[in-house]
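J.: Okay, here's what each chain looks like letter by letter:
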Amino acid sequence: MRFFLDAEQREFARSLDGLLASCDTPAAIRSWADGDHGPGRSVWARLAEAGVFALAVPETYDGFGPLPLELAVAFEGLGRHAVPGPLVETVAAAALLDRLADERVAADRLPGIASGKSIASLCLTSLGPYALDADLADPVFVVEGDTLSVAAGSGPVQPSADPGRRLSRPAGGTVLARGPAVTAAAGYAADVAALATAAQALGVGRTLLARTVAYVTQRTQFGVVIGSFQAVKHRLADTLLALEFAEPLVHGAALALAAGDDGAGRDIAAAKVTAGEAAYGAARTALQLHGAVGYTDELDLSLWIRKARPLRDAWGTPAACRARVLAG
Amino acid sequence: MDLDFDAADEVFRAEVRDWLAAHVPSAPLPSLETAAGFAAHREWEATLAADRWSVVSWPEEFGGRGGSLLRWLVFEEEYYAAGAPGRVSQNGISLLAPTLFENGTAEQRARILPAMARGEVIWAQAWSEPESGSDLASLRSTAVRTKGGWLLGGQKTWSSRAAFADRAFGLFRSDPDADRPHRGLTYLMFPLDAEGVTVRPIGRLDGKPAFAELFLDEVFVPDEDVIGEPGQGWRVAMSTTGNERGLTLRSPGRFTAAADRLTTLWREHGAPADTALRDRVADAVIGARAYRLFSYRGASHVLHDEGGPAGAASSLNKIYWSELDIALHETALDLLGPYGELADHAGESPSDGGWAEGYTFSLAGPVYAGTNEIQRDIIAERLLGLPKGRR
Ligand SMILES: Cc1cc2nc3c(=O)[nH]c(=O)nc-3n(C[C@H](O)[C@H](O)[C@H](O)COP(=O)(O)OP(=O)(O)OC[C@H]3O[C@@H](n4cnc5c(N)ncnc54)[C@H](O)[C@@H]3O)c2cc1C
Chain C
1 MRFFLDAEQR
11 EFARSLDGLL
21 ASCDTPAAIR
31 SWADGDHGPG
41 RSVWARLAEA
51 GVFALAVPET
61 YDGFGPLPLE
71 LAVAFEGLGR
81 HAVPGPLVET
91 VAAAALLDRL
101 ADERVAADRL
111 PGIASGKSIA
121 SLCLTSLGPY
131 ALDADLADPV
141 FVVEGDTLSV
151 AAGSGPVQPS
161 ADPGRRLSRP
171 AGGTVLARGP
181 AVTAAAGYAA
191 DVAALATAAQ
201 ALGVGRTLLA
211 RTVAYVTQRT
221 QFGVVIGSFQ
231 AVKHRLADTL
241 LALEFAEPLV
251 HGAALALAAG
261 DDGAGRDIAA
271 AKVTAGEAAY
281 GAARTALQLH
291 GAVGYTDELD
301 LSLWIRKARP
311 LRDAWGTPAA
321 CRARVLAG
Chain U
1 MDLDFDAADE
11 VFRAEVRDWL
21 AAHVPSAPLP
31 SLETAAGFAA
41 HREWEATLAA
51 DRWSVVSWPE
61 EFGGRGGSLL
71 RWLVFEEEYY
81 AAGAPGRVSQ
91 NGISLLAPTL
101 FENGTAEQRA
111 RILPAMARGE
121 VIWAQAWSEP
131 ESGSDLASLR
141 STAVRTKGGW
151 LLGGQKTWSS
161 RAAFADRAFG
171 LFRSDPDADR
181 PHRGLTYLMF
191 PLDAEGVTVR
201 PIGRLDGKPA
211 FAELFLDEVF
221 VPDEDVIGEP
231 GQGWRVAMST
241 TGNERGLTLR
251 SPGRFTAAAD
261 RLTTLWREHG
271 APADTALRDR
281 VADAVIGARA
291 YRLFSYRGAS
301 HVLHDEGGPA
311 GAASSLNKIY
321 WSELDIALHE
331 TALDLLGPYG
341 ELADHAGESP
351 SDGGWAEGYT
361 FSLAGPVYAG
371 TNEIQRDIIA
381 ERLLGLPKGR
391 R
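Top to bottom, those sequences are chains C and U. Counting from 1, one number per residue, gives the positions in the first sequence under the UniProt record's numbering. Counting from 1, one number per residue, gives the positions in the second sequence under the UniProt record's numbering.
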């Protein structure tokens with residue numbers, strides 16, 4: 001029995017962190033929000049080189065996955081650095097195609113995802129009408145009922161609360177597959193997406209906490225640093241507590257998914273709601289403890305603050321996750 | 001990262017389960033906070049000890065099975081799932097014993113631990129004083145040097161189950177001139193029926209009388225009942241508080257068992273349309289799972305010698321389990337609706353496994369073992385590196 005990351009997994013997390021720290025992701029998000037995908041795409045290319053997308057793709061199609069735990073580790077890092085783009089959607093699309101077990105479709109699409117050449121998006125209409133970054137993603141997969149298609153285009157971008165998230169309705173398209181296999185594969189893809197989103201939220205929360213701790217130890221009021229006030233300390237202690245207890249749920253859910261446990265969906269729902277709420281709580285705390293400057297979009301912190309709530313609700317709202325936990 | 005139990009662990013689990021199935025009393029014992037219940041629980045400790053189940057993680061020479069922390073967690077899961085009685089020896093086993101393993105002499109271990117394991121000597125913790133709660137280091141009870149030992153004086157309070165227990169362990173000021181309040185304290189053990197000790201029971205919130213305050217008037221304690229060096233009591237005591245707050249006081253089995261009972265209660269009594277209550281049930285169930293995984297991760301670190309969740313990290317545990325415990329019980333009472341207010345001994349209470357008593361006890365969680373406010377200070381200062389503020 002061993003339930004902590006091994007040396008290799010920790011090294012992977014560390015090197016990804018180093019890579020992303022050198023990427024100036026805040027600048028990439030700001031350009032992304034303006035519709036200039038250049039800097040974001042170059043981050044994407046470096047992530048692909050580091051093997052992030054190959055984690056979702058089986059070896060037959062040039063990947064080395066699926067590796068849910070390593071994906072969770074990677075997505076925590078992506079959240080820490082607030083990397084923009086349809087990251088979750090791309091790995092979920094890979095999971096869907098893998099599960100579909102349609103060799104022709106898989107051979108056609110998966111190697112591109114593994115190598116990073118193909119940035120995919122995915123819309124399950126049962127969960128919502130929008131695809132993330134449909135204006136740049138190629139392909140955009142849509143599952144409606146038991147039908148999987150590739151969209152031909154997309155409607156106008158609907159601004160999100162998070163400037164880094166560009167939402168639009170996929171339009172038209174070519175049918176790729178139909179039937180119960182699609183429904184089952186889409187369910188699995190939704191689980192993978194929820195897990196990756198939970199991990200990403202955790203990373204977002206970690207950065208919000210770290211930056212806020214740094215701020216309160218430097219900002220002074222009443223002649224002392226505000227981090228010495230008990231109301232400030234206790235709020236940060238609660239933030240740490242929530243994140244610390246969410247993390248093993250995320251890792252545990254990834255292990256359950258990897259093992260194909262019957263209860264994996266329920267474990268993922270538990271991880272999703274907990275990590276989502278923890279990150280959102282961290283965002284509320286970060287905003288409050290930064291005072292007015294926390295309410296400005298000039299501060300890079302805003303890029304994380306504005307991510308937390310959409311991640312909490314994407315790929316399984318808290319209410320949907322809680323219902324699933326009790327569904328047995 | 002595998003989180004799988006090996007075959008030997010599963011054999012152990014099955015052995016525990018079989019033993020419990022054969023031995024757990026069919027009717028719940030009376031509350032261990034009452035005289036009759038205390039006696040019944042003491043007998044249960046003896047039953048456990050007879051088959052070496054009372055202290056599975058201790059070395060065999062003291063009555064244990066030399067089990068790893070992991071085995072202990074497995075034991076606890078099965079124990080609570082089987083609905084086995086609460087442990088009246090808890091204070092001794094989870095607070096005094098680790099202190100003796102770390103700081104006691106071989107003689108003390110041989111004399112004290114086996115009797116503790118058998119439930120023959122039940123221990124109370126005598127730390128708090130009327131004027132010293134959160135600020136424990138301000139304590140004023142004294143230990144004065146005398147021939148062959150020490151004379152204790154002063155007052156201790158809020159001592160759990162001291163009304164029925166046999167002996168107590170606590171901190172006393174042995175050097176009134178020490179430059180800092182943490183210095184000059186000595187950790188001592190004493191019998192509760194010794195000359196000079198007066199025990200006054202205090203009714204708890206639920207009226208049960210096992211809580212007590214202790215008045216000490218020139219109580220003689222021989223040198224062999226000092227734990228660690230005289231004057232080093234604070235350091236010795238702090239090695240125990242991590243245990244009190246962390247894992248060993250509140251193993252996850254207790255909460256997973258309660259979460260399972262809550263889920264059953266929800267299936268039986270919950271209204272599907274009441275999504276607000278459903279969400280709270282789900283959160284409590286998730287909380288128990290989170291606590292379990294957090295604990296197993298901590299145990300993994302300890303077992304693989306990667307630096308465990310020692311020290312300040314146990315403050316995370318303390319806050320989490322105490323709040324989880326309240327959430328589980330409040331939710332259960334809400335599910336019981338108009339019956340929720342009935343005490344467990346009310347004839348018509350549908351509350352099977354002690355939700356009412358459990359609820360009242362859960363309310364104390366954020367207060368004892370160091371209040372949650374104090375734990376938040378520790379987390380902020382030691383884990384987040386924030387500056388010490390005014391206390
Ligand atoms: C059920 C139960 C069992 C117990 N069993 C034992 C036992 O067996 N042995 C034993 O020795 N003791 C025992 N205690 C006592 C327990 O350890 C103390 O109650 C606890 O340490 C708090 O001390 P106090 O009650 O004096 O509260 P106080 O220290 O007076 O605190 C009162 C309130 O003020 C807050 N407060 C105090 N200082 C600060 C600060 N610096 N910052 C923020 N808030 C602060 C506290 O958090 C609390 O909310 C038990 C208590 C209970 C409820």
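To be clear, the hints were calculated from the coordinates, so they are not data collected in a lab. The structure presented is a predicted model; accordingly, all values stated were derived computationally and were not measured. Among the hints, a few may not be true.
Footprint (simulated), chain U over chain C, 3 or more residues, beta carbon under 8 Å [stated by the list, open to error]: (1) 212–218; (2) 226–238; (3) 266–277.
Computed beta-carbon distance windows for the label pairs [as the list claims (entries may be wrong)]: (4) Ala82/U x Gly145/C: 27 to 37 Å; (5) Gly179/C x Asp305/U: 51 to 61 Å; (6) Arg140/U x Asp24/C: 53 to 63 Å; (7) Thr105/U x Thr317/C: 54 to 64 Å; (8) Ala82/U x Ala319/C: 56 to 66 Å; (9) Gly187/C x Val11/U: 51 to 61 Å; (10) Trp19/U x Gly179/C: 43 to 53 Å.
Coverage of chain U stretches by chain C, computed from C-beta distances (three or more under 8 Å per stretch; other residues unrestricted) [unchecked claim]: (11) 272–281; (12) 288–299; (13) 314–323; (14) 381–387.
Glycine included, every Cβ here is placed at the ideal spot set by N, Cα and C.
J.: Take the hints in turn and mark each one as holding or not.
T.: Verification of the hints:
1. Given a C-beta distance limit of less than 8 Å, the hint that chain U covers the segment 212–218 of chain C holds, as 3 residues qualify and 3 suffice.
2. Given a C-beta distance limit of less than 8 Å, the hint that chain U covers the segment 226–238 of chain C holds, as 10 residues qualify and 3 suffice.
3. Counting residues of the segment 266–277 of chain C whose beta-carbon sits less than 8 Å from any beta-carbon of chain U gives 4, enough to reach three: the coverage restraint holds.
4. Remark: the range hint 27 to 37 Å for Ala82/U to Gly145/C is contradicted by a beta-carbon distance near 47 Å.
5. For Gly179/C and Asp305/U, the Cβ-Cβ distance of about 52 Å falls inside the hinted range of 51 to 61 Å, so the restraint holds.
6. The hint said 53 to 63 Å for the Cβ distance between Arg140/U and Asp24/C, and at roughly 59 Å that hint holds.
7. A hinted range of 54 to 64 Å for the beta carbons of Thr105/U and Thr317/C is consistent with their spacing of about 59 Å.
8. For Ala82/U and Ala319/C, the Cβ-Cβ distance of about 34 Å falls outside the hinted range of 56 to 66 Å, so the restraint is violated.
9. Take Gly187/C and Val11/U: their Cβ atoms lie about 37 Å apart, and the range 51 to 61 Å is violated.
10. Range check, Trp19/U to Gly179/C: Cβ separation about 52 Å, and the 43 to 53 Å hint holds.
11. With 4 residues having a Cβ less than 8 Å from any Cβ of chain C, the segment 272–281 of chain U passes the three-residue criterion, so the hint holds.
12. Beta-carbon proximity to chain C at under 8 Å applies to 8 residues in the segment 288–299 of chain U; the threshold of 3 is reached and the given coverage holds.
13. With 3 residues bearing a CB less than 8 Å from a CB of chain C, the segment 314–323 of chain U meets the requirement of three and the coverage assertion stands.
14. Figure legend: the segment 381–387 of chain U, annotated as covered by chain C; annotation consistent (6 residues with Cβ-Cβ distances under 8 Å, at least 3 required).
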